[in-house]
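Counting in my numbering, the sequence shown runs from 1 upward without gaps.
These are computed hints drawn from the structure, not numbers from a lab.
Beta carbons: idealized from backbone N, C-alpha and C, even for Gly.
The hints are all genuine.
Pairwise CB distance ranges (calculated): (1) Ala8 x Arg72: 18 to 26 Å; (2) Leu44 x Ser64: 20 to 28 Å; (3) Tyr82 x Arg37: 30 to 38 Å; (4) Ala73 x Leu7: 14 to 22 Å; (5) Arg72 x Leu7: 16 to 24 Å; (6) Lys36 x Asp87: 37 to 45 Å; (7) Val39 x Tyr82: 34 to 42 Å.
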Amino acid sequence: MGQTLSLAAVYCCCSAGASLCNSCFGTTATGTTGRKRSVLLLGLVIAFSLWFQYSVGPGIVSQSGWVWKTYRAIPGTGKLVYHAWYDSCAQYDGNN
Numbered sequence: 001m002g003q004t005l006s007l008a009a010v011y012c013c014c015s016a017g018a019s020l021c022n023s024c025f026g027t028t029a030t031g032t033t034g035r036k037r038s039v040l041l042l043g044l045v046i047a048f049s050l051w052f053q054y055s056v057g058p059g060i061v062s063q064s065g066w067v068w069k070t071y072r073a074i075p076g077t078g079k080l081v082y083h084a085w086y087d088s089c090a091q092y093d094g095n096n
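Start from the sequences, fold in the hints, and give me the full structure.
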């Protein structure tokens, strides 16, 4: 049930963002370059990558901060995220 709600929320946010992008940056009609959208997308990707690298990642590792508290507030998510973060690196520990 929780995954369905989160998927619905993400869909609504993406749909609203796409609508906002269309209204602010024009349409995707023939003859347009889409340069404004490309720059916006590049800026968003850079911002999200820096946010994940310097806020989300250290928050998961140290199990502190508001991002970690948000994960812990959703039942089962904190443990899932923590193990997904660490267990994927177990193959590189040198035990092979």
